[in-house]
Amino acid sequence: MSRTIGIISGNRRSGYLQGIDKQRPLAAVPFGGRYRLLDFALSSMVNSGLRTVGIITPSNYRPILDELGSGKEWQLDRKSGGLFILPGVNWGLAVWDKVFLLKDIAKNFEYLENDLSEYVLLCGCNQIFNIDFNEAIAFHEQNHADVTLIYKAIKKEEWQTLKGTILKMSPEGRVGGSMTGEEATGAYMELPFFIDMVVINRTLLMEVIQGYVAVEDADLLEAIFENKGMLSIFGFPFRGYFARIESINDFFKSNMDLLNYDVRNELFWGVNRVHTKSRDNPPTHYSDNALIRNSLVASGCNIQGALENCIVSRNVQVAGDTHIKNSIIMRRCNIGKNVILENVILDNYVVIHEGTILKGQGNTPVVINKRAVI
Amino acid sequence: MSRTIGIISGNRRSGYLQGIDKQRPLAAVPFGGRYRLLDFALSSMVNSGLRTVGIITPSNYRPILDELGSGKEWQLDRKSGGLFILPGVNWGLAVWDKVFLLKDIAKNFEYLENDLSEYVLLCGCNQIFNIDFNEAIAFHEQNHADVTLIYKAIKKEEWQTLKGTILKMSPEGRVGGSMTGEEATGAYMELPFFIDMVVINRTLLMEVIQGYVAVEDADLLEAIFENKGMLSIFGFPFRGYFARIESINDFFKSNMDLLNYDVRNELFWGVNRVHTKSRDNPPTHYSDNALIRNSLVASGCNIQGALENCIVSRNVQVAGDTHIKNSIIMRRCNIGKNVILENVILDNYVVIHEGTILKGQGNTPVVINKRAVI
Amino acid sequence: MHQRECIAMLLAGGQGSRLGYLTRRVAKPALSFGGKYRVIDFSLSNCANSNIDTVGVLTQYKPYALHSYIGSGGAWDLNDKFGGGVHILPPFVGEDGGSWYKGTADAIYHNIDFINFYNPIYVLIISGDHIYKMNYELLIRQHKNTGADVTVSAIEVAWEEASRFGIITPDATDRIIRFAEKPAQPDSNLASMGVYVFNWPVLKKALLEDQENPASDNDFGKNVLPMLLEQGKKLFVYKFNEYWVDVGTVQSYYQANMELLLPEPPLNIFGPGFKIFSNEEILPPHYIGPDARISNSLICNGCTVLGEVKNSILAPGVYIDEGVWVEDSIILSNTRIGNKSRIRKAIIGESVEIKANCSLGICTGDEHNRSLITCVEDNLTIFDGALIRAGENI
Amino acid sequence: MHQRECIAMLLAGGQGSRLGYLTRRVAKPALSFGGKYRVIDFSLSNCANSNIDTVGVLTQYKPYALHSYIGSGGAWDLNDKFGGGVHILPPFVGEDGGSWYKGTADAIYHNIDFINFYNPIYVLIISGDHIYKMNYELLIRQHKNTGADVTVSAIEVAWEEASRFGIITPDATDRIIRFAEKPAQPDSNLASMGVYVFNWPVLKKALLEDQENPASDNDFGKNVLPMLLEQGKKLFVYKFNEYWVDVGTVQSYYQANMELLLPEPPLNIFGPGFKIFSNEEILPPHYIGPDARISNSLICNGCTVLGEVKNSILAPGVYIDEGVWVEDSIILSNTRIGNKSRIRKAIIGESVEIKANCSLGICTGDEHNRSLITCVEDNLTIFDGALIRAGENI
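As they're listed, the protein sequences go chains Z, R, L and Y.
Note that our numbering gives residue 204 to position 204 of the first sequence, counting from 1, and the numbers run on in steps of one.
Note that our numbering gives residue 275 to position 275 of the second sequence, counting from 1, and the numbers run on in steps of one.
Note that our numbering gives residue 377 to position 377 of the third sequence, counting from 1, and the numbers run on in steps of one.
Note that our numbering gives residue 249 to position 249 of the fourth sequence, counting from 1, and the numbers run on in steps of one.
Bear in mind the hints are in silico, worked out from the structure with no lab data behind them.
Some hints could be false.
What follows is a list of derived Cβ distance ranges for each label pair [to be verified]: (1) Z:Arg-239 - R:Asn-369: 47 to 57 Å; (2) R:Asn-143 - L:Ser-99: 34 to 44 Å; (3) Y:Gly-323 - L:Ile-112: 48 to 58 Å; (4) L:Asn-145 - R:Lys-370: 51 to 61 Å; (5) R:Arg-293 - Y:Ala-184: 55 to 65 Å; (6) L:Glu-209 - Y:Leu-380: 27 to 37 Å; (7) Z:Gly-177 - R:Arg-371: 30 to 40 Å; (8) Y:Ala-184 - L:Glu-209: 48 to 58 Å; (9) Z:Val-271 - R:Ser-59: 52 to 62 Å; (10) L:Pro-183 - R:Asn-143: 26 to 36 Å; (11) Z:Glu-190 - R:Lys-370: 22 to 32 Å; (12) Z:Glu-190 - R:Lys-22: 17 to 27 Å.
A short list of chain L residues far from chain Y (calculated; beta carbon distances all over 12 Å) [as the list claims (entries may be wrong)]: (13) Asp-113; (14) Leu-138; (15) Val-157; (16) Leu-261.
Quick caveat, the model's predicted, so the values are computed rather than measured.
No residue lacks a Cβ here, since even glycine has one placed at the ideal position from N, Cα and C.
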């Protein structure tokens with residue numbers, strides 16, 4: 001039995017994804033042709049041997065449950081431990097930017113009480129990565145840490161695009177708080193960027209929650225830093241591929257990253273690959289005149305036209321004499337003849353009629369919402 | 001594949017069960033030593049061959065998900081169809097008495113759209129029974145009915161205790177509306193009491209929902225009766241054991257009904273028995289001085305005292321020289337020595353210290369809430 | 001307690017020896033088909049789609065791959081928790097020692113206890129070797145309506161092929177009057193598909209009688225059905241008009257796969273409804289590289305195509321390197337074809353590693369071999385620059 | 001791809017012939033224990049509780065009940081979707097025909113391919129016949145620390161019993177210097193539990209060598225371990241100090257069950273942690289009638305007790321009618337004891353129907369038989385007023 005239980009913080013809305021995150025929780029946003037954002041955190045947890053994982057869900061949780069099903073694909077349909085759906089609190093607009101809201105965890109306090117594991121691993125729900133958490137947990141144990149924060153070293157100039165927390169770290173790896181990118185001027189070439197993954201002793205987490213029960217919108221990270229004098233906080237570096245989806249540009253760019261062999265290989269191959277729900281689809285059929293370049297295509301499609309630099313989900317139909325470039329086409333879209341699409345994102349079930357032309361710019365892709373008919 | 005999909009209306013609060021329904025949705029209220037109210041509707045649906053069942057859940061849905069797990073125990077961890085959790089709407093106080101709120105179904109309209117079955121079977125969540133729905137569905141088909149309402153014939157004097165709807169029926173079994181028990185004076189010895197089970201054509205249900213989308217608290221039954229002129233509505237009789245849990249008395253009495261061999265046999269034996277989640281408990285141990293009369297005892301208990309007319313859930317400890325009579329003891333209660341309990345309901349995890357005496361009356365049992373220490 | 005109206009017994013022990021190298025490592029039902037399927041997916045999905053929830057799978061030859069593939073049957077919605085589901089039935093040791101399954105009837109005979117446990121009214125006997133989509137409910141309905149003792153499902157075959165099959169001669173009411181196993185002079189072209197519904201008491205009695213006959217091969221087609229006809233039992237034929245094929249030879253296996261590439265494939269795996277389920281490994285979408293060229297091909301998840309693929313089927317996880325040219329071929333799962341290798345009209349097994357500059361099935365100077373199929377066995381490594389001639393089997 | 005540090009091979013083929021009528025219908029690992037368990041629950045739960053996620057279960061004798069009971073292993077949290085999980089490994093037919101498992105080593109030998117598939121560092125060999133709670137992680141940790149080739153788990157037994165076991169003589173460092181199978185003059189009372197950890201390369205080589213020796217019985221205790229000792233391999237003993245019992249005889253089976261009724265049972269099935277899982281049927285709580293009398297007994301779900309039960313174990317679904325008197329007995333699942341029947345010191349099989357006024361194991365005038373155990377086979381019906389004497393087996 002693993003000595004660590006997981007919590008994925010999925011009670012988040014962003015509203016920054018131009019409608020893609022309107023019809024579904026952020027955790028359930030489709031990614032890479034057949035995945036959802038949630039799959040990445042959940043797979044790494046399961047691959048690292050965690051057998052008890054709780055997912056904090058927002059009130060529109062149905063797409064998350066649809067994806068999780070029985071937890072079977074993730075080895076979590078178990079008698080001891082398993083997958084727990086933890087209803088999050090209903091939040092207003094104010095707190096969209098916080099990742100680990102203590103109220104969300106407090107509402108599910110029994111989850112922490114019922115399992116006698118030593119550590120809790122918390123993780124955000126809108127990040128793309130494949131990590132072996134065992135290394136971070138072993139590091140946490142060796143240092144007798146109270147809290148271990150996982151970070152990725154980023155170049156100073158990257159900080160502008162990756163909004164978030166930079167850790168203040170001592171040379172021995174201790175964390176003394178957070179700073180902004182501006183504060184970190186000059187001193188370092190690389191900045192330790194916190195990637196929303198926390199290892200914390202279970203009893204400490206319970207204490208923190210009880211201590212902050214009265215504070216309306218307290219966040220775990222803030223609470224930890226408020227008490228940094230009493231806690232032994234360490235930072236653990238992650239060196240693999242990492243992307244965070246906060247904007248439609250992040251979404252577009254990190255989908256396109258999958259056209260890179262190394263990224264695909266790191267995420268989707270090997271024993272510890274990212275898992276997702278099994279679908280019973282036939283292979284994709286390419287007809288005589290299909291012309292495909294540098295694209296990722298899921299199963300059950302029927303492709304007669306031309307694709308270049310595209311991410312295509314399952315059961316998509318692309319008719320002949322149609323050219324699609326630099327685009328993300330989600331599940332069950334139906335694209336007619338003589339269509340030209342460039343820098344476009346089509347959500348599920350979009351129908352594009354013959355002769356349509358849609359061209360966006362690289363930094364501002366055209367987003368077509370679910371079930372639109374054009 | 002079954003041509004019927006199921007909907008269990010579990011977005012209900014009653015507040016009549018003296019706290020037992022405060023910490024959990026009505027559907028998740030424990031019953032009969034190892035079951036929950038939900039198990040009865042769900043088991044009958046699955047035993048009748050339904051392989052797609054949606055459960056409309058209230059916002060405090062966690063106890064329901066804990067019970068359902070992966071749907072494995074109910075054959076519903078499937079690739080086609082399976083178990084769907086349908087988040088209900090958040091209701092105020094006004095509509096506690098309605099069973100099939102159209103808004104609840106409307107919020108999950110996709111569930112009706114995605115399945116191409118012919119019929120939808122709707123069922124309440126607070127009733128104890130074991131029915132073969134196939135008979136009602138066959139009856140519905142043979143009559144080319146639009147709607148079939150399932151009823152139980154009750155004696156006129158029973159109507160006072162069983163609050164609910166009495167159907168107006170023609171001798172041929174057609175339903176022409178509802179009436180109160182008072183209206184039914186004299187004419188009949190038995191009254192057709194509607195037991196919150198409806199077979200309806202799927203496309204008709206979709207029409208009804210679309211037609212009533214603007215009516216804030218419309219109920220399916222009301223909508224059907226408003227349109228009775230256009231619809232062919234039939235009543236189908238159920239002749240088995242039936243209890244509805246609306247009050248703490250109903251709860252007490254129907255638990256005690258299980259001490260009757262015929263009731264137990266009808267509900268829990270045979271191929272089409274009521275299913276529930278599997279637990280890994282050892283057998284119950286009775287010590288030398290245990291004295292048990294007319295009681296139902298679940299697994300994993302350790303009984304040293306005396307029980308008479310009791311329903312005892314799993315992992316209960318009863319010390320020596322303790323006498324418990326006419327009581328319901330839920331999961332993991334720990335009852336010390338020299339205790340006397342009569343007409344008592346202990347919710348989960350209650351601890352009763354040595355020497356305590358609690359005596360309720362037959363009609364007003366003493367209810368001790370979860371985790372109380374006395 | 002456990003009574004079922006009908007349970008299915010699926011014969012999955014076939015070695016498929018006429019498939020040569022393709023079935024050296026696995027039993028025929030575990031063989032890949034159409035890229036993402038395995039042959040047994042069709043009969044198991046038929047059961048699921050026909051509401052048959054209890055299936056005994058009789059295995060014997062190299063069963064490990066098959067057992068792990070089937071698991072508890074959940075991939076086909078057949079993991080029944082109420083006593084049904086898929087049950088794997090290998091040969092076993094009883095109090096009087098063990099015995100292997102001889103003919104098809106012998107295999108069922110050894111599992112009479114299993115069938116008794118469910119005590120069904122009907123027993124459906126099917127094979128795990130055939131590719132077809134069939135609603136067994138229709139067959140069982142006809143069986144009930146005619147009051148038959150046994151109903152044999154049959155399909156019309158070309159007259160010139162009839163002598164390769166068990167041939168059924170019915171009367172005008174579809175009652176079977178003659179059953180001839182591979183007749184030299186067939187008087188009908190209705191071929192048995194190896195799909196039977198028996199009334200269970202009739203089957204049980206027949207199995208016991210057949211065991212007592214030392215001359216019997218204990219085979220349904222050769223022995224049991226002729227014996228029942230002779231006894232005057234009511235055998236009816238059920239005429240099936242849709243796609244059905246026994247992929248019993250390399251040629252028929254190749255052809256059935258290739259038919260999926262026709263503009264109107266005779267077997268519809270693409271449409272909704274009556275889905276064929278399979279126990280797939282979770283793999284990412286396939287990747288098509290900047291200089292790839294694909295035409296009229298089926299590509300599965302997890303493939304990487306950097307070269308040219310024409311009229312071919314790639315199973316999951318196949319890697320086609322740059323400069324590779326593949327035509328008219330079937331490449332099974334997790335196989336890698338190295339830089340500039342050329343492959344024509346070949347069936348390449350699972351997890352094969354073909355290094356760079358190899359040439360398989362290419363005709364240069366031996367054009368008369370063009371029509372021959374080249375086969376490569378599972379798990380082989382073919383080294384740089386190897387030349388495998390058309391029709392070779394390695 | 002599929003590498004595991006350690007996989008378990010569970011030998012579950014045992015006929016358990018010394019258990020007589022109790023194992024006529026099922027293999028010994030499928031036998032009921034402690035009311036709600038089956039013997040194999042203990043080894044499977046041990047695997048789950050020791051983080052061993054891949055288990056090959058070798059079956060051969062009457063495997064159907066065992067196969068359906070194990071299913072996909074989900075009842076023990078062993079239904080691994082990522083390639084591990086429980087795999088049932090019956091004997092099978094290969095290209096050169098089939099062969100049954102001879103000794104324990106032969107059974108493993110025939111599944112070398114299965115182990116190769118996972119290519120583990122260590123192979124844990126266990127038996128499905130024993131009742132014990134053991135964390136195999138501790139055993140494997142010692143195996144690593146000592147740098148052993150093989151580690152054999154052993155338990156101290158009474159000296160007078162030692163000659164019934166495989167006896168291990170270790171040196172001061174716990175390295176094994178002698179292994180004697182059932183020695184007449186044991187020089188140690190450390191008995192092998194039939195639980196071994198091998199380095200996989202050592203095991204593979206040993207199995208191949210053992211197969212080449214025509215004189216070998218292909219048994220680990222008799223042949224393989226002595227051979228390895230002779231070759232100078234490093235064999236260590238792991239000393240296990242907790243409860244372990246081989247329920248190999250009717251007497252030991254009865255006694256191990258009855259020990260659960262002691263005030264402090266030596267095997268703790270009641271506490272939290274290290275839970276023993278089982279694949280239970282869902283049954284309602286048991287019902288105790290108005291005139292029942294129960295003392296010092298274990299009662300499972302689904303039982304109905306209207307009569308008197310003393311010092312006994314009732315498995316799930318047992319029905320004890322009014323006026324019945326049961327003492328010192330084990331009643332297996334779904335058995336019914338009719339009105340006024342009397343049962344003493346008996347093991348009554350599953351689904352037995354004992355009608356009214358029967359008398360089993362009651363001593364009247366044959367007091368010298370008081371200590372004998374009476375056994376009734378599964379599925380029997382015993383008619384009104386039957387008298388079965390103490391020690392009879394039917």
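Subject >> Violated constraints from the hint list, given by number and in increasing order >> reply: Numbers 2, 3, 9, 10, 11, 12 and 13, in rising order.
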